[in-house]
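Please model the complete structure; the sequences and the hints are all you need to start from.
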Amino acid sequence: MLRTIDVPNVDALFRDVPKEGVVGREVFDALPDHKGELEVERTLSRMGALNISAGSVPFFCGAGAYRHHIPASVDHLIQRSEFLTSYTPYQPEVAQGTLQYLFEFQTQVALLTGMEVANASLYDGSTATAEAVLMAQRLTRRPKAVLSGGLHPHYAATVETLASLSGKVVHADAEPGRAGDLAKLIDDETACVVVQSPDVFGLIHDLKPVADAAHAKGALLIAVVTEVVSLGLIEPPGAMGADIVAAEGQSIGNGLNFGGPYVGLFATREKFIRQMPGRLSGETVDAEGRRGYVLTLSTREQHIRREKATSNICTNSGLCCLAFTIHLALLGDKGFSRLARLNHGRASSLAEKLAAVKGVSLVTPQFFNEFTLKLPKPADEIVDALAARGILGGVPGSRLWPHQAKMRDFLIVAATETSPEEDCDAFAQALAEVVS
Amino acid sequence: MTMNPVGRPTGIEAVEMEHPQTFSGDRGLDHEEPLLFELGREGMCGVDIPQAQISDKRLGGLQRKKPVGLPGLSEPEVVRHFVRLSRMNYAIDAGLYPLGSCTMKHNPRLNEKMARLPGFGDLHPLQPERTVQGALSLIAELMRWLTTLTGMPAVAMSPKAGAHGELCGLLAIRAAIKSRGEQRRRILVPSSAHGTNPATAALAGFTVDEVPALANGHVDADALERMLANDVAAIMLTNPNTCGLFERRIRELADAAHKVGAYFYCDGANFNAIAGRVRPGDLGVDAMHINLHKTFSTPHGGGGPGAGPVVLSAALAPFAPLPLLVHDKGGFRLIESPDDAPPSTKPFGRMCAFHGQMGMFVRALAYMLSHGADGIRQASEDAVLAANYILASLKDVLSAPFEGPCMHEALFDDHFLEGTGVTTLDFAKAMIDEGYHPMTMYFPLVVHGAMLVEPTESESKESLDRFIRVMAGLAQEAKSGRKERFAGAPYLAPRRRLDETRAARKPVLRWAPKDAAES
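So the protein sequences, as listed, match chains A and B. According to the working numbering, the stretch in the first sequence is residues 1 to 436, in order. According to the working numbering, the stretch in the second sequence is residues 437 to 955, in order.
A hint or two may mislead.
Derived, one-sided and incomplete: chain A residues facing chain B with beta-carbon distance under 7 Å [said to hold, decoys possible]:
1) L13
2) P18
3) A63
4) A65
5) T85
6) A287
7) V294
8) I313
9) C320
10) R341
11) Q366
Since the hints were derived computationally from the structure, they do not count as laboratory data. All values derive from a computational prediction rather than experimental measurement. Note that beta-carbon positions come from the ideal geometry of N, C-alpha and C, so glycine has one too.
Here is the structure:
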């Protein structure tokens, strides 16, 4: 090969690199040499074994990431080489597999959220929410975003980071278990109101009043969903007046993965699609008239539009969309509805058990599979004490709102189909012991 | 006619019809597959879930009023649907995938296995920190590899892909400038840059000034130096650049930028050319994202997920976003609030919920441990060698706009197609008929009809030779006037050329029930 290239050695290929830029192996002394598969597996397995995995203990954490049972065929199918090791479908003739499942994914997301159109995913729910706010600012040419107090604080911080660059972000107070009055924060400068339901405390909201209040002032309603399984039982945002839905799709098909990769769902009304961020798969025909799919409306995107693009996103969550699509295909209407009911049933029963513990009260009167308790002691101490007893008993207020004394005694608890009755009983018993 | 012992014809002469019209619409192993929504029936379900008795007293009257409208399929139907779809895709596991700037290298399956260990895959991001010390130590170990390989003091781990990393880097720059009490609004971006660069700069609130390229494929360094002024926030360069060349005057440009108080953002998409051999920190870089899904082999998955950690210089490190990972006597901790951040730091905000693409971190670290510092260096050298072999073998058959040597990708233009009536697009589609995924086309924009070929270190010499033969054969065909072979291509893919204009003019972005579609 070197003869064909006509150089004496590989070093000669790097001749454009300034001398001071080239370093030898010794510079990386702190890094080891290569290892065999067995040894790598051993090293990483040891690291993994230092963690307490959710499936190994009674487990009740939620707050934006949920543990659900994923049918075995989902993970098997997404590991097929043709899905796993393909690139973004820029050459549609040899990427119909990817383009068709993205089209199916878009349809599923639109159906679930009750919206007209959906894109082929963003990174996750939090970045989808930030993109939704930017889109609302573009559509309304107004600067202000009003965030409800029940919006996940990580989402609120993500929105703040991005949307405050060219606009203004107003945060309503977080009041666990209460809807809060957002209408008074909406004015003629308001581009959008962002409401999460079920909110970070688990409370389900009727979005209609806030949608009406927003629309009356010419603002848009952005509905955020972090637990999409709720849409199997609860009225979708599209039926309650939402203009944009930004959601976290992890719950369907995707594992907890310590926070990522997840899959951002993004749906809106058809009239807004030209301001939508992210890729879209669209139907068309080939030269022989056969139906096929292509990436479309790409004049919105960075690789065509550069600094005038609707977003800078390129790589999205392709394979996580596939996992979502497969899992939802397996569920169908019947399975999805049953899954949602099962979740609600488990959480309702657990809430009653826990609220029966002396000194503990339930602060979210209506919820899906997650609720908030007020404890007689700081919740982080309780969570630590529960962890010492081998129970991962939810997310304490101080984890999401550090230094906010008023949030300290709240505990956010989730129960899904993966929380069997005996685990719920063990939780209730342990909670009774540690709060007393 | 050749017969087997029971009298059945076996020879190739047995074929009488070339393309029989099939009753099924399928063609042998090539299956047509309807949409999910055109399959299935009401009431079918591919998962066993009991029907729970629930009360509606905690639903606040907000129950769903209509069913979602999802089709019902059995498990075998779902499996078959997606297996059939998969067979319509090209993949790196199936063949050479020479997409320039995308680094389609082999994805080792050990990495998949490791990411699925329950100790990583089944952890909740908000579990008590003491129950995830192993996971946090893995992130810390990956940070050590990334900072050591780049010669940079710090790294922000939360960005979820390359473009998200760019945004993180530019927001750190914005915060650093603000903390100096200055306002700088301009970012200088070369005309050869990835589209994400100007898009990110605009998203981060900057205006973009384009720096021209020289005829030799390098950025016009003199022009860039002239454009530098005290209202410039940063220069944003890709190095090696998108023409496959190492920017020779990079250090000088970094110094010039620093001299006027600007920062140097480096797009790290092409790090696979230099990893283990060149440290961006030695070149004056202030921020650079690393696409773990390129250089460190996490699979592209049909367009994601990726991961884009950003290494930061000492000047930018204090502004890294939350959360911060620290280690003290209590073990590893995540800092989630600016109030808890060390006094020397000023986090600019938050890129996303939680703390990054853990699944990708495990895969990337598995790759690093498998390759070691020696293997990563070897991989870069092999990638550069492979690209130069292609460039040297094809530069007189196709046409190469710039002198070699190149780095890890070889750039060609459409000069060799002049007068043939064949375009870069046609040529690319003909490659599909040859069983190859096309190279990156029409990018970078600074070259006419660009064809950017990145073979990566994964290909053997035999594989490269075969690719070279095919490319040379196609070039010969084009030059000898066999235009129809190109204009109609692909002939042999699951679909012929697709009508993108129609797709954009009247967008159909979802399936809808027939009656709804007609109303």
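Here is what the structure says about each hint:
1. The interface hint given for L13 of chain A holds, since its Cβ lies 5 Å from the closest Cβ of chain B, which is under the 7 Å cut-off.
2. For P18 of chain A, the interface hint holds, since its Cβ comes within 7 Å of a Cβ in chain B; the closest pair sits about 6 Å apart.
3. With a least beta-carbon distance of about 6 Å to chain B, the hint placing A63 of chain A at the interface is held under the 7 Å criterion.
4. Checking A65 of chain A against chain B by beta carbon gives a least distance of about 6 Å; that is within 7 Å, so the hint holds.
5. For T85 of chain A, the shortest C-beta to C-beta distance to chain B is roughly 4 Å, which falls under 7 Å, so the interface hint holds.
6. The interface hint given for A287 of chain A is met, as the beta carbon of that residue sits about 4 Å from the closest beta carbon of chain B, less than 7 Å.
7. Taking 7 Å as the C-beta contact cut-off toward chain B, the hint placing V294 of chain A at the interface holds, the least distance being around 5 Å.
8. Satisfaction of the interface hint for I313 of chain A is found here, the shortest Cβ-Cβ separation to chain B being roughly 6 Å, below the 7 Å cut-off.
9. The beta carbon of C320 of chain A comes within 6 Å of a beta carbon in chain B, closer than 7 Å, and the hint placing it at the interface holds.
10. Here the hint on R341 of chain A is kept, as its CB sits about 5 Å from the closest CB of chain B, short of 7 Å.
11. Hint status for Q366 of chain A relative to chain B: holds, with the closest Cβ pair at about 4 Å, below 7 Å.
When the structure is compared with the earlier hints, no violation turns up for any of them.
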